[in-house]
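Q: Starting from the structure of chain A, add chain B where the hints point.
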Amino acid sequence: MRRPRKQLLTLNNPKLMNINAIYALLLREAKIYFREKERIISILVSPLLFLFVMGKGMGSGISPVRGYTYQQFIFPGILTMVILFTSITYGLYIIWDKRLDFLKEVLAAPISRTTLFIGKALGGMLGAIIETILLLIVGTFFILPLDAVKLVLCLAASFPISYMITNIGLTIGAKMRSMEGFGLVMSFLTWPLFFFSGALFDLAAAEPYIKAISLIDPVTYSVDLLRIIMLGKGVYPVWTDLGAIAVFCLATTILGVTSFGRLQQEK
Amino acid sequence: MAAIKTTDLVKRYAEVAAVNGVSLEIPKGEVFGLLGPNGAGKTTLISMLATLVRPTSGTALVAGKNITTQSLEVRRNIGIVFQEPSVDDLLTARENLYLHSMLYGMPRREISRKIDKMLALVNLSDRADSFVKNFSGGMRRRLEIARGLIHGPGILFLDEPTLGLDPSSRQAVWAHIRELKEAHNTTIILTTHYLEEADSLADRIGIIHHGRIIELGTPEALKKKAGQDLVFLKGEIDVAGIRALPFVGNIEQESGNYKISITDPARNLQSLLNTAGRIEEVEVRRVTLDDVFLKFAGRQISEEAESRGIFERIATIKSSRK
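First to last, the protein sequences are chains A and B.
All the letters of the first sequence, read from the start, carry residue numbers 1 to 267 under the working numbering.
All the letters of the second sequence, read from the start, carry residue numbers 1 to 322 under the working numbering.
This is chain A alone, in the form it adopts within the complex (with noise of 0.2 angstroms):
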């Protein structure tokens, strides 16, 4: 077979999985986040408002586990509430990427849909997780002194937790054409997550329409085994959580990589 006259370039890349491509998403992700210092910090205000205003005002008469303040009980689902909507504000997000064309570069480049849903996906666990570490070292010193083991516990946990909820995200987004969802997509579904996961009450006292929606909400999961990780003391058996958890991310993981199959090739 005829040459061409000057050999350009081989292309090697694992079908499946390309690490490069990965890295370099990741990387476009990482300067975008860095380079928006305001919405860093901003973020984090919802949450010390609802620690250091509702937590403090609500008084310790209500906590639900003895030894800890209601201030502390409901830090594991502040956390919490951090990474839910960092997560699943960086998955909407893509709709901004669709409607200014920079995903149509991404979409057309010679990547697998799992190589670029794993780079998505990991961009939108970076932010949750330094948002996760900047409210831990708040907690630490102003709410309740967690010991080294214990930060990286609740580091841990912190990976599959944003990683189920930026796949949410990711896959309502791509589905989504324009941002006047995105309201809808907060009120109905975010919020909800949150106040349904009895981040902030006992759920083990709370009516049965509650406990029932709390079963399949995947926050409860994790603001239960947060608690466990920071007070000893959850709902649920740790097994419990950490099973749900699993079976959450193999969901929304299958969910978020056919969304992405269907939008490299649009039917």
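These aren't lab readings, by the way, just hints derived from the structure by calculation.
One should not assume that every hint holds.
[Stated by the list, open to error] Calculated cross-link-like contacts (lysine-lysine; reagent style PhoX-like; alpha-carbon spacing at most 20 angstroms):
{"#": "1", "chain 1": "B", "residue 1": "K181", "chain 2": "B", "residue 2": "K117"}
{"#": "2", "chain 1": "B", "residue 1": "K259", "chain 2": "B", "residue 2": "K224"}
{"#": "3", "chain 1": "A", "residue 1": "K175", "chain 2": "A", "residue 2": "K98"}
{"#": "4", "chain 1": "B", "residue 1": "K259", "chain 2": "B", "residue 2": "K234"}
{"#": "5", "chain 1": "A", "residue 1": "K104", "chain 2": "B", "residue 2": "K133"}
{"#": "6", "chain 1": "B", "residue 1": "K133", "chain 2": "A", "residue 2": "K37"}
{"#": "7", "chain 1": "A", "residue 1": "K211", "chain 2": "A", "residue 2": "K233"}
{"#": "8", "chain 1": "A", "residue 1": "K233", "chain 2": "A", "residue 2": "K150"}
{"#": "9", "chain 1": "B", "residue 1": "K225", "chain 2": "B", "residue 2": "K259"}
{"#": "10", "chain 1": "B", "residue 1": "K65", "chain 2": "B", "residue 2": "K28"}
{"#": "11", "chain 1": "B", "residue 1": "K133", "chain 2": "A", "residue 2": "K98"}
{"#": "12", "chain 1": "A", "residue 1": "K31", "chain 2": "B", "residue 2": "K133"}
Quick caveat: nothing in here was measured; it's all calculated off a predicted structure.
A: This is chain B only, laid out in the frame that chain A set:
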């Protein structure tokens, strides 16, 4: 093996067939021009070949790979420069090129050097580390071109590549396109409404209208089909003498002027003028692709170009992120 071979490609959106049965074969190393008005199906056709859109029916082989079942392999071998700039606002020019290079699997050692080379080509070297959000529309397009070329693809899709560029940038891009063809045997599919672009760059032109290729041929062949080159003479003209010349066709008289059809005016004009007698005025009108378009598609492509210009401008304004 042809670079691109399509068989009855169709893309339907609801009731409308954007592409309505296109069968084309483009040999390796050819520069193929796709000429047609807005909505003719150019962008849809290119999108299908670039595996961005799934065809409703029909198949195509691009670089020997099936666009539906082997889309990843197809993408490895192609480059695309989109019509609307899709460069990332929030990154610098250099970062955009770096991301692209990594996504296309270029060897790391080469990347830095190639980035510098491409930026120089499109005259953006001094803005390499500026954020794209501060770039003008023309600069974004130049960056886009650099990005489409940097990984040295065997097949390149250019969707209106020099739209909105100043003449010197346009010349630089054309020169690079010619170099790609000559030195690297790159196959290039070009959509454009700039007639001189299609005329001077394309080896063959396909006129697309309502989703179908209605004419296919070299620019010369198409122009010949569309009409004849004309010379208008005014004065005391030796009509008999002119008529005897072998390259002269029809001679008509039109309000004091003689309208003379001739072939190959570039070569024959001098003989004609020598034989014509005492000439007061002379005008040479060559067949343009506009005439080609008028004849085959029933309207002038330049009409389309004007309305497009406005939309182009609005789109550029709207696309700047806050």
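Q: Hint by hint, note whether the structure agrees.
A: Structure-based check of all given hints:
1. For a cut-off of 20 angstroms, the pair hint linking B:K181 to B:K117 stands: about 18 angstroms separates their Cα positions.
2. With a C-alpha separation of about 17 angstroms, the suggested pair B:K259 and B:K224 falls inside the 20 angstroms cut-off, and the hint holds.
3. Of the pairs offered as hints, the one joining A:K175 and A:K98 holds, with about 10 angstroms between alpha carbons and a cut-off of 20 angstroms not exceeded.
4. The straight-line distance between the Cα atoms of B:K259 and B:K234 is roughly 9 angstroms, inside the 20 angstroms bound, and the hint therefore holds.
5. Straight-line distance between C-alpha atoms of A:K104 and B:K133 comes to about 17 angstroms, which keeps the hinted pair within the 20 angstroms bound.
6. Using a Cα cut-off of 20 angstroms, the hinted pair B:K133 and A:K37 holds, with the two alpha carbons roughly 17 angstroms apart.
7. Our distance criterion of 20 angstroms between C-alpha atoms is met by A:K211 and A:K233, whose separation comes to about 18 angstroms.
8. For the hint linking A:K233 to A:K150, the alpha-carbon distance of about 13 angstroms falls within 20 angstroms, and the restraint holds.
9. At roughly 19 angstroms between alpha-carbon atoms, B:K225 and B:K259 fall within 20 angstroms of each other, so this suggested pair holds.
10. Proximity of B:K65 to B:K28 is assessed by CA-CA distance (about 14 angstroms); at most 20 angstroms being required, the pair is judged to hold.
11. Distance check on the hinted pair: B:K133 and A:K98 sit about 16 angstroms apart at the alpha-carbon level, within 20 angstroms; holds.
12. The suggested pairing of A:K31 with B:K133 holds, with an alpha-carbon distance near 15 angstroms, which does not exceed 20 angstroms.
In this structure, none of the earlier numbered hints is contradicted; all agree with it.
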